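All chains, please: the whole structure from these sequences, using the hints.
Number of protein chains: 2
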Amino acid sequence: MAGFAKRMAYMQSTADVVRYLFESMTDPETISFGGGAPAREALPVELIHDIANEVLNREQRGSQALQYGNPIGIPDLRQAVIDHLLQPKGLQARLENLIIVAGGMESMNLVSQLYLEPGDVVLVESPTFIQSIQVFKMFEARCIACETDEHGLVIEDVTAKIKQYSPKMIYVIPTFQNPSGRTTSLERRRALAELGSQHDIVILEDDPYCEMRYSGEALPPIKYFDETGNTIFVNSLSKIFSPGARLGYTFADRNIIDKLYEVKTATNSHTNVITQVLCAEFFNRGLYEPHLKRIRDIHRERRDTMMNCIKFMLPDANHVYPDGGLFTWVELPEQVDTTAMLEEAKAQKVAYMPGREFFVEGQPIRNNCMRVSFGSVPPEKIQVGMERLSKVIRSKL
Amino acid sequence: MAGFAKRMAYMQSTADVVRYLFESMTDPETISFGGGAPAREALPVELIHDIANEVLNREQRGSQALQYGNPIGIPDLRQAVIDHLLQPKGLQARLENLIIVAGGMESMNLVSQLYLEPGDVVLVESPTFIQSIQVFKMFEARCIACETDEHGLVIEDVTAKIKQYSPKMIYVIPTFQNPSGRTTSLERRRALAELGSQHDIVILEDDPYCEMRYSGEALPPIKYFDETGNTIFVNSLSKIFSPGARLGYTFADRNIIDKLYEVKTATNSHTNVITQVLCAEFFNRGLYEPHLKRIRDIHRERRDTMMNCIKFMLPDANHVYPDGGLFTWVELPEQVDTTAMLEEAKAQKVAYMPGREFFVEGQPIRNNCMRVSFGSVPPEKIQVGMERLSKVIRSKL
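Taken in order, these protein sequences are the chains called Z and U. If you number the first sequence the way our numbering does, the last residue is 397 and the count never jumps. If you number the second sequence the way our numbering does, the last residue is 1397 and the count never jumps.
Hints are computed from structural coordinates only; laboratory data are not their basis. Bear in mind that the values here come from a model prediction, so they are computed numbers and not experimental data. Errors might be hidden in some of the hints.
Straight-line C-alpha distance at most 35 Å; calculated DSBU-like pairs for lysine-lysine [to be verified]: (1) U/1006 - U/1346; (2) Z/6 - Z/161; (3) Z/349 - Z/396; (4) Z/6 - U/1006; (5) U/1006 - Z/89; (6) Z/6 - U/1293; (7) Z/6 - Z/346; (8) Z/381 - Z/349; (9) U/1346 - U/1089; (10) Z/161 - Z/89; (11) Z/6 - U/1311; (12) U/1163 - U/1089; (13) U/1311 - U/1293; (14) U/1311 - U/1089; (15) U/1349 - U/1396; (16) U/1006 - Z/163; (17) U/1006 - Z/161; (18) Z/6 - U/1349; (19) U/1006 - U/1161.
This is how it looks when you write it as structure tokens:
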């Protein structure tokens, strides 16, 4: 057997967890707070059914949907993203500033392919999204964590680490962050855009949860404050349309999109056209806005149920109250090791993501934390699952 | 603006051609023999419509199709690939030997990510598929062309170049090759598998056209002769199902698939589930075999029309008679430069792929060749388009 490239060795440590995450979601008896999926009840099955029934029936539209497409995506969907998702955030985009990609994660891959050389440093939040770390590591980058507090990245620490490491990129999830549920403040968003411009660093702004707000006021993206093109805004359509459709987009200056065109061509030619056509219709028929209201209501109830459970069942824990998204972050007393506790939780048929996985070098690894997702669990099951989980945790105190 | 990774510089030369290829397909007045698309009339629009109508309607199947999926693909589709596509070729596969990917090209990306280090040598056919070269170059590999004749790769030249370059990989399109339309003989298929095993080289067997046979006898894949796991068999579902669905698969030993699981996760999480579900149903309802017969008939007529046109309109040209697939390869008299001729062809509203693009170092670049695709052009338009093309060519003689 021919040997694998050495980049593969950097990835091994996280693969088990990603696998666990997928597996915990498929055991019907386990109540899983592990994955990051939205509510099954929030998936627009009937809407997509009706669109498919009509669109795939029209001879021309149907055969366009089934034929090869453009590497940057169908114009209808790019325009819909501009009109329904970017304009409302104050982001001014033209068709050539957008590329449609195969789900939120693909942007991390394509942007890494475009920018990262082996040994390049990527600054990240602490904690941060495990799967993105895996992408950066696959491209042989070194990930360095910066300090965070309840307002997001601590700018003083970012500034110090820019000096120390000369990073190529800063990766940020500014809204209802994965895994912490926290939101970066307005002031820090502006500061991050400015740091990118001043030091010629790519600010990779990953904002998949921003539409899923259940309380509080929306903030403009980091990209809104970008005057030099250093910020690349990437997003997913998984939460507001469908994860199974594998759609997302990257919004950036045209010279960047032109290069991503080449990278995308050499990655998988183009994103699937069938679901692009269905999604464009979803926006163009005005179905998105009422659907968004509906799924916010569904997830708000779950968020509220989860917050109540944590408050009453885990009185010793610190936790984040997220204004949206799919997660909260729970910090247990020091003696609880959430990785070691995983087996017992499995036996009790409850799953979560141990916090350790979300830490990389640069900040202390904290073994007493966990990410708890409420998105895919109905309220009555959140109650049962949290009873199971609190029982396991209490046995450790 | 932050600088791009140096790998991007290796890709520039081919991006223009890929762009031209997509553009020539979208101008309604141009008759394009440039792209590699199958016939619009061969797309199973009604079948997919009916499946979507039923499957997306059932509450459970519908919400499964719209939710997150497994990085290696849904079991139903993997099983269908085994039963309908691998077994008939004599390939023994289990579910864990397969990963479903987002179209044929994605396998080249994932396998390159898994194996290639900067500077690694990939041996390829001369001529070979431009888009795959672009992938290997993005991973900073050096592509070296080997001699081919009417039976495929000349084994003596491959053996000599293994000695000279110690390649990591040999990339082969054995059936109705892109761009030549040629098929690798049985004997050479066996020899390639053996060379891979003997020298511990990855044989990347890319076989997207193998089902599209219009005459002659099917041959077993190179993978059939592989006894060491060195051959990786990759394929696309674009030609037999739908390019817009972006589906393909990689068949390999389990330890390779386990690693591709990680690479896929860090590329785009998983392939879109909606079209996987539709495609699995397409196979499981027994729709594939009659559909294949129908699309073979459609493309056979186009192949025959094209062969007649070339014979009568381009009597000075050598050309390949392909037993299947979507292309033929035309060699014009030495003085004709098919790249220089492109502008005139554009003016005459006809498009083709100039041969130069398919050559890399190791073999002479031949400027007097062109790839002519007949798949996406109806017979009456093949006639008109070839009249336009022969007029342009005759003006050069």
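Open item on the list: Of the numbered hints stated earlier in the document, which are not met by this structure?
Closed with: 6, 9, 11, 18
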